[in-house]
Amino acid sequence: MDASTKRELESIKRELQSIINELNDIASGVNSDFKGIGNEYCSSCIKKVSDKYQWVKRQLNSID
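Start counting the sequence shown at 1325; every next residue gets the next number (my numbering).
Check the hints yourself; a few may be wrong.
Calculated cross-link-like contacts (lysine-lysine; reagent style DSS-like; alpha-carbon spacing at most 27 Å) [stated by the list, open to error]:
| # | residue 1 | residue 2 |
| --- | --- | --- |
| 1 | LYS1381 | LYS1371 |
| 2 | LYS1376 | LYS1330 |
| 3 | LYS1381 | LYS1337 |
Quick caveat, the hints were computed from the structure, so don't treat them as lab data.
Could you build the full structure based on these sequences and the hints that come with them?
Now the structure itself:
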């Protein structure tokens, strides 16, 4: 893999990690700030999306 491609891949992985962190923060906030209105279900759904992004990041990590 050439240097340019490697830099782009690293940039994508950093952005993906930022998205994962933000989703986890949102899930935590929904779970704690919105009691009694389906917050656990909503938080769980957001966490599942975060987990899928984490899987994608692991796949990208295996490339280099």
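Against the structure shown, which of the earlier numbered hints fail to hold, in ascending order?
-> none
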